[in-house]
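First to last, the sequence lines map onto chains A and B. Here the first sequence is numbered in the working numbering, starting from 1 and rising by one per residue. Here the second sequence is numbered in the working numbering, starting from 1 and rising by one per residue.
Hints are supplied without guarantee of correctness; some may be wrong.
Have a look at the derived ranges for each label pair, beta carbon to beta carbon [unchecked claim]:
no. : chain 1 : residue 1 : chain 2 : residue 2 : range
1   : A       : 106       : B       : 1         : 57 to 63 Å
2   : A       : 133       : B       : 53        : 52 to 58 Å
3   : A       : 215       : B       : 49        : 15 to 21 Å
4   : A       : 215       : B       : 234       : 36 to 42 Å
5   : A       : 210       : B       : 228       : 54 to 60 Å
6   : B       : 95        : A       : 133       : 42 to 48 Å
7   : A       : 107       : B       : 49        : 26 to 32 Å
8   : B       : 95        : A       : 21        : 52 to 58 Å
9   : A       : 239       : B       : 45        : 33 to 39 Å
10  : B       : 9         : A       : 26        : 51 to 57 Å
11  : A       : 21        : B       : 142       : 29 to 35 Å
12  : B       : 45        : A       : 52        : 18 to 24 Å
It is worth saying that the hints were derived from the structure and are not from the lab. Where is the CB? At the ideal position from N, CA and C, for every residue including glycine.
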Amino acid sequence: MSRIRRFFKTYSPFTRAGMQELVAYRANFICFFIGEIMSAFVMFFVWKAVFLSSGSETFMGFTMEDMVVYLFISFLTDYMTYSDGAFAVGEEIIDGSIAMRMIRPCSLEMCFLFQELGSRLVSAAMIFAPMVIGVEVYRFVITGALRFHIVSFLFYILSTMIAYMINFYFNVIYGFMAFFFKNLWGTSLMKETLVGFLSGGTIPLAFLPAGLAAVLNWLPFASLRYTPIMIYMGMYSTGEILWRMGLQVFWLLAMMGISKLVWNSAVKRLAIQGG
Amino acid sequence: MKRYMRLHRIFIVQYLKKLMEYKADFLLGAFGLLIAQAVQILFIGIIFSGIPDLKGFSFAEVLFIYGFSLIPKSIDHLFFDNLWMVGYRIVRKGDFDKYLTRPINTLYHVLVENFCVDAFGEMLTCILLLGYAIPRLHLPFYWYTIPLLLVTVIFATMIYTSLKIMTAAISFWTKASGHITHMLYMTNDFSKYPVTIYNKTVQTVITYVIPFAFTAYYPASYFLTGEYGLFCIGGTVIAGSVLFLIAIFVWNRGLRAYESAGS
């Protein structure tokens, strides 16, 4: 028990620092948020036009109401699971400041994780409730019935947390790769787009050809976004929720293992110039 | 003027030298943008597998508008990407002093200093899209179509660049304004699709407030149908010039307010 207490005592200052950082730059945060959510609204209008043009109530099994929930919950999940803290590892390796981190009596990735958790908590406080309420009010107005499901919602939160952890370790691995390339903007754009597509961010995986969708459902990317959204929408039965979340946990452990391996081999070769 | 042209050439040559040093990075950047666009087009393709047309627009027409929107966007991206750095970093770190000590116009210097080859990814997508769409459409063609296209593209690019100049100049007062540039710039997402799919509010905003609709849909629809030339092309010219004048004004006012961040 005391070990756990010590663990939190060591790392909670990082969380506080992360929170303070975001609060200090809240204008930036809000502007970025508005800029990003714009694309969700573009998609909203595109889908509205699609449903009008198709002349039927459903498009590949989704109603317009489903689609709106999908779009905005997908956006929210992406925002909540966003992780770039570990990306700094690559930059710190290049400029050598990683040496300072390595001599500290705490784990490198835990420092990054707890710092980022701080900023995630603040952004969750700012956007999570408004977006969920917005989506539910929209649903209520359209269908005239309360569709909010507390059990699905709790599973959604749990699943989103696992998704965040997977994304964190995925980005630790990517951060190590990225330090070989200097065009961080280009590679991260490519990564974001591909992950966005493979995780069902651009289009629900169910709309893709059956074979492709089946493969993508097994890959770690679906665990990042598609699984939580489907849980929120109540598309999965209880049994399905459990095994999907089991798959998420599996991918989380796999990502943790790979990041350890990459880190161990990188640390052996790490040479710091000057400092 | 001649001196400035010569300087621009020297800047680009310098930049290309830097580029040869990092070939892999250049390819990654351009490839990244290409992939980003390809995913969007795949999305349009999947949508069209379920519907015959999107509010009266055929697949080829939607791709034409989408491709057209990439022309001014990629040109602005290629030549004037450095403006992002003004709002994000240059002013905040005190590096802007450098421009003030040079014997050329500051805005000109900032604009031409960098040359963002990542934009070739967007340009390639644009060429592929228009190359696919144009043979499938019966576009009206007159002797003045090509010159008119050139004029439109210049003014449409000015809409992009002017918005970036304006928002970058805010950093002269606030030290950092990258997030404001980002917020306004992202509105261009709306211009990729026919504006008729949006509601009245959005249409008004992207036509009269942040006139991104004039960078793609309006001119593209003129070249598609040959109708409403005065509004579509004239609007682009007016929006481009007015925004550019405001941008120059804001930039110059900002320069007067500028205080170095020091170090």
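We went through each hint and held it up to the structure:
1. 106/A <-> 1/B: 57 to 63 Å: Check passed, 60 Å falls within 57 to 63 Å.
2. 133/A <-> 53/B: 52 to 58 Å: 36 Å, violated
3. 215/A <-> 49/B: 15 to 21 Å: 19 Å, holds
4. 215/A <-> 234/B: 36 to 42 Å: 51 Å, violated
5. 210/A <-> 228/B: 54 to 60 Å: 44 Å, violated
6. 95/B <-> 133/A: 42 to 48 Å: 44 Å, holds
7. 107/A <-> 49/B: 26 to 32 Å: 49 Å, violated
8. 95/B <-> 21/A: 52 to 58 Å: 23 Å, violated
9. 239/A <-> 45/B: 33 to 39 Å: At 34 Å between Cβs, range holds.
10. 9/B <-> 26/A: 51 to 57 Å: 44 Å, violated
11. 21/A <-> 142/B: 29 to 35 Å: 58 Å, violated
12. 45/B <-> 52/A: 18 to 24 Å: Since the Cβ atoms of residue 45/B and residue 52/A sit about 19 Å apart, the hinted range of 18 to 24 Å holds.
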